[in-house]
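Quick one: dock chain against chain with the hints and give me the complex.
Quick note, the sequences are listed as chains Z and H, same order.
Residue 1 is where the first sequence starts when you use the numbering used here, and the numbers rise one by one after that.
Residue 1 is where the second sequence starts when you use the numbering used here, and the numbers rise one by one after that.
Note that these hints are calculated values from the structure, not bench results.
Computed from a predicted structure; not experimentally measured.
By construction, the Cβ of each residue, glycine as well, lies at the ideal position given by its N, Cα and C atoms.
It cannot be assumed that every hint is accurate.
Stated by the list, open to error - Some chain Z residues judged to face chain H by a derived CB distance under 7 Å, without partners named: (1) L113; (2) N115; (3) E392.
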Amino acid sequence: MNDTIYAISSGAPPAAIAVMRLSGPGAFAAVERLAGTLPQPRRASLRTLRAGDEVLDRALVLLFPGPATATGEDLAELHLHGGRAIVRAVSDALAAMPGMRPAEAGEFTRRALFNGRIDLTEAEGLADLLAAETEMQRRAAIRAAEGGIRRLVEQWAARTVQLSALVEAALDHADEDDVSSADSNLAELIAELSREIDGVAARPGSERLRDGVRIVLAGQPNAGKSTLLNALVDRDAAIVSPLAGTTRDRIEVPIMRNGIAYLLIDTAGLNETPADQVEEIGIARARQSIGQADLLLWLNDVPPPAEPVPVLWLNPRSDLPDRDAEPERLSVSALTGEGMAELWQAIEEAVAALLPAPDAVALNQRQRMLASAAASHLRAASSEPDQLLQAERLRAAMRSFHAITGAIDVEAMLDALFGQFCIGK
Amino acid sequence: MHHWDVIVIGGGHAGTEAAAAAARCGATTSLLTFDPEQIGAMSCNPAIGGLGKGHLVREVDALDGLIARAADAAAIHYRLLNRSKGPAVQGPRIQADRRRYATAIQSQLAAQSNLSILAGEAVALQLAGGRVAGIVLAGGEQIACSAVVLASGTFLGGRIFRGEERETGGRVGERAATQLGRQLRELGLPISRLKTGTPPRLDGRHIDWARLEEQPSDVEPWRMSPLTHGSRLPQLACAITRTTEQTHTIIRDNLDRSPLFTGAIEAGGPRYCPSIEDKIFRFGDRDGHQIFLEPEGLETHLVYPNGLSTSLPADVQQAVIASIPGLERTTIVTAGYAVEYDHVDPRCLAPTLMTRDLPGLYCAGQINGTTGYEEAAAQGLVAGANAALAVLERAPMILQRDQSYIGVMLDDLTLQGITEPYRMLTARAEYRLHLRADNAPTRLHDTGVAAGIIGKPRDDHEQARRKARSAIAEALSDSRTASELGRRGAPVSQDGARRTAGEWLRFPGVTLDHLGIDLAEHEPELVEELILDARYAPYLERQNAEVESMARSDGTPLPAELRYQAIAGLSNEMVERLDTARPATLGEAARIRGITPAAVTAILLHLRRAA
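For reference, chain H alone in the conformation it holds in the complex (with noise of 0.2 Å):
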């Protein structure tokens, strides 16, 4: 019988960027799906990237990862959101070809050695002396394995809504993986349940684009990844439309027969993306609200209107659709639905992405509890490297808060828990000015050499974008007088201060040119990245310094065998936040949400005493 270093279940965004992440550290991976078809299929929105989301894209693409490619591969618009902002919240963000986006992701799949793809379904995991031995397949045939990665989405359990129907299934017109979830369960994971919704396909040919306002693709010539070269596709618009008082009497008129409203789905859904008659229900007073009408692709007359995520019956979702400008003539070609699923408490998972309890098994996008493709491929990503490392017997690779978006994103999931479908935010990130999306090489290059992941191309690119970094760093450097920036037309007080060019940009006003330092050869966004580097030095020092203080001052470890039921002082639901999350250090349990500094100080002392 063949053995497998890891299986990958599911093929989706986390599942596939598992599957190529265990194979590039040299594991023997095979990944499993349903319909290998399927594999690369973008359930939801036809969109990569966005605020927060973005920088997921570049710090799974500077590890090597799939996605950012793909979205190169398959983009029909492109938008760098928040322009106006301060770069380190800009997000950069794509429209993808649905079709082109499947097929980018499987053809880089089939080009990966040492992976292997399955057709069939897991319906259990195989166990031997407490840890995952391998899978059995829905025919009985069993496959031996050291990991396996479970990236199942919300085909665990999945549940479909719309209107009065209801169907079993992860996606609409698939089944769903049921009997691995009852086991899931039987092993004593901790499972929940939550819920999303996607809105109605609408019949493009049929929508009156004259009538709406456009929005165009960026025409500055960005593109997700660094690796990307040659001409992007032919370029499609996107338009904004607004829901009506109309729409908004149908939607309350109707709202007796959405299962959000009559009790059918119990499960939280996201507060960051609701459906539309969560919108109206809370925010009654608006008179309209925003949708975006997104292509889904070059061949195809779909199109995705954002914002209008429903569970509503099929023929409500018609009327809502004929009362929005714009859309009064079109049809639904395939309608909106939401779906509830089971996911495993993320805090019963290490930071690698294993489960404490069950070594072997590793968990990884919707499953555990987020929502959006960017999340779900950069937990792949850990988790497949680590699942890959681990049954090498390597060094694991754990990402870090003060590191990037996705080690912020792993301490959230693995500490606190969720309450709701997790996305990610810039706000999240306490280290927003350095974690930006323009340096995510800067940032992860050498974590992804250390864990074996990263290919000789993307390591060629880094090493060159390195030696034109340091060249740029050291133009800005060279120190220049307050006259000599004067005589060149600066906008800078005669204070006869002598500066450094890197802190001459941190004034108003100051430009490359008024430094005299001419830095053309390079490529714009490094020159960009070390130029803000220099603005924000004076407050990435001081977020050093907290860094190394933190470190010091929170890292003292908390022992794995700690029972915080022992602990005087502790509520119960402190003692069970506590048992659930185990923090590895006390900073970790400070961080808990509902952990007061009263009980931080309770458990030091503890802590204290026992030594």
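Only chain Z is shown next, with the shape it has when bound in the complex (with noise of 0.2 Å):
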């Protein structure tokens, strides 16, 4: 890692401004040598950016020396104007310098990483944070980057070290009688931090803040649910005709509301009859879509399959004469907007008990797993006889804790770590 990176740490420009990140042995010489002169460490000043004789820009340049920096290498920050001429400019000028290279995606993270300025929890924190669209997103991200997930992963680590210590205490000293005898309100514990892990790995997880909340539509054929599904993301996202069997196979739009990601799925029209293979597929994945739903928007005039989702039945296209209001389906309709602003209502309410609380801390799916085997294990030794397989199980959940943070099996969390980390950071 002798090389120096440099990327735009900002969003993609044009904007206001443009954050310019360096890092590395040479970035405070580079920034020298645009600015002419180097700032005091951590104090913001105003330099005019030069390539030879050509002024670059007027930007704000701060200096962060290593390795107390959130790379844990020379650190240094050009708040250009965000122009996309003059975030080329920059770029150019720096390329142009010697041991100077483009960030690759993920790398200055990877550099915090290898430095150990983070750990794989923090990682994946980061990585989903620079990730992250909605204000939902970021509030869970940062709080894994900042390390709220191992602080929790921690104090349940920690509390399971204290009740092992007091089984192998029984164990190993029992002859001793300096030592008494293993807490019999120990099982209690031990039962009671296995309900409270199960109570967090039951939250909503923090993929679906990522990934978005997938809400299917469907139903029969011809009942609307391309032209809904336009009126709902407000674009012509599906084609719609009057022929039964238009949408054939899957469409996906993401969009977004209020701060939260949804994945709007549109799907062929179950027909018990399809007219032939293609119309055939499209419903075998109709089918498969709904079972994946977090939310079910139903549109048959039959009852709702009895699926694990939560369903809003509806009564679409309720400006049709022969479609009367259900009192148990509600009414909307593209066309006339009735019923609209109420769906959208009726599906905010329905996600949040889908989505993590704002301020609570959010597993993904990987520390779900392995939070809910520890869950079982601390079930299975609170109601064990044998100490030591009490024992045992006390420790095959320190073994899933320490999965959690990376303690163990890095290479593993590593590879599935550095697979989704996009550029800029």
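Right, dumping it as structure tokens:
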């Protein structure tokens, strides 16, 4: 890592400002060549950036000497005016300097990890943070990046160690009366911890924030699914025609509303007698989508299937004269806009339970699986009459905690982690 | 001038096992000691075994060591600790007749070929070409050798404390090995101080035994070693008494005369075996502490009051004794004392117990910062065998954590170092269900055979045992239906399932009788071992999978020349710990205390980048 990397660390230009980040041993020298003089560390100073005689921009310059920086190296920030031409000119000037190169995807974070500035849960949080598009995503990711998950897991691990110590003391020092035999309360304490962890693991996970809440529109052919989808996303995302069976494949449309990411999925109509093989495949995919939905919008006149997902039963095309309101169905019309506000309100209410509470620590799927494994070991420990096996279960729970923070099986964690980085950080 | 393959310095529990193991490997071996009469002396507690320690004894025995057979030859009290707990944590323990124990060790050494005993004091190591080439005796005589095992116990820089009294020595009445200690420091070995202590010895003739709770020897006829035959010695009972409020007042009033509290002793002592003044200072709310009265032998009237380790002045010790029920009229024959001694930071050792920077020098026992005869014996065996194997240019004998308590101890010592005298505990072994005292031969015999330290009688016994083992295993692999068991009165639900006998034995209340299996012709211990294997099988399978996956993911080798200083993101403390312990793999590095996941990641990434 003798080379110095740089990249725009704010969003894609054009924007009001663009933050160019430099990290590595040559960062300060590069800034000096652009700015003429270096400001004091950690002090924002205005400088004129030049390439040779040519003025590139007037920018705010910040220097952070390593190793107490985000990457663990000398780090500099140039707050440029965010026009595309300026950003390109500064990038070109940096690229022309020896030992400088553009950062690869995730490279700033990788350097932070490499230099021991962050651990894996923090790096995972950072990866999510960078990908965050909504406010909720950002808040969840920042909690992970700041070590919220690590602290939570460390707290569980610390309590498990305490409980283990009680069991181990009873095992190894039973014949010495200076060690009292295990607390009679022990089983209850272990069970309590397992319930607590289960509670956190059962909370909605952070990946729904990242990937969006999956809302599937399903129903009979020509029920108006595509029309409703277009109305919900406020654009012509799906082809609409009066012909039954226009939608033959799934259509996925990501949208953002009130800080929440949704993935709306239009499906082929569930025709009992498909006309051809293509329609048959489309229907199979529709059924698959229903199985994976977080929320199902059911547009059929027959009652919704008994799926283990929340369902809103709609009465679509309520503007048509033959479609009378039914009490258990929400009437909506894409044409007149009737019921659309109510539908969004119903969706937001249904979805609230699926998303992490704004200030709760949210685990991702990997972390949730390990936490559940730990909880089930603890549950088994709480009802185990053989103290030796009880101690064994507590150890197994400890191993799960260590796997969450990356204390073991680091390779696998790293591979999973670095697969999901985006450029610029 | 005569040349030895291996010279062992010290005739204690580590030194005797080291000398015997080296000789069994076929190396010409000499055991050097101040006083050959003292070989095999038990400096402290006249007991062998216990929780975790009993496991070590069985493992040393499985590798054909001395300690278990000597213990049987001298045992005047047998007690299986933790009988009510899971069998994996049961600890066999015996009280030994001190004199008979030393005699048993000495006669085993006398019968060992390739082994000579030398009386004398080693004052210096001789080096040639950066490795050990011999030793110099106090008289100036030089003896050439290819390897030295240093097993000097508390004798290296030993200093005895009792109240205001000070004495130089490793054991009361014996001198210390001071000069050698100085040379080791000069050679740059990392040396620090530890302390330990011992209680006063009492005259048992004036103890009021009738008033005290008696603890008889186990009636079950178990032994420490399967090679022990013949009947037990006459068995003596131990007794239990307690300290009183008056005891505590006496001690509190005299804390200012204990070198532990005046600051005279600065070194750390064992938390697991605290002095009585420590216990009373730290657990002031307790109204009494248990004292086990352990007879020291059949012909002696000396009694060892286990739990009364102290360095208070002799007059205070006498007052303390007089305040304890049953001991009012007895007298102290030898007063208790604390001893502070030099030890080598074991992180400078390889898993063979050779010092990494001084080839040919091995360290074993208390010098490595451990406490206990059993810990010492196990290290002695490893150091002696490996010294011999290296001289004979054969493959080293490496014991793993998943294979033995010895492996756990070696790994802990060489990787983590110590902050207090290291004592074995079953909690230290993550593969505890598998590492049982009952199956030590099954786990270790082949390793011992490969190293060449197993004698013929042991091997014959083990081969016969293996034959019986497979017969029992076969019987347990027969399957039975629930209804068959039901007919024989087993408390199982009639689910129509068909399971092997071994699987049925996992159900509470199912016995061999319910299965219609007769294993009476086999040793009960062996049958028990296989039943336990069957019972723990689901856990053992998971552990095996874990061992394999750990070996895969943590096996990333760390090159010996790796410069931790050059890895960004490691704190100075981490760099120091890693440099001292020199872990061989990433997994080992991850186990070192204070090495965070972030640090392990940094090391891994550094390696990947370097590749």
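Starting from the hint list further up, note which numbers the structure goes against and sort them upward.
-> Hints that this structure does not satisfy do not exist here, as all of them hold.
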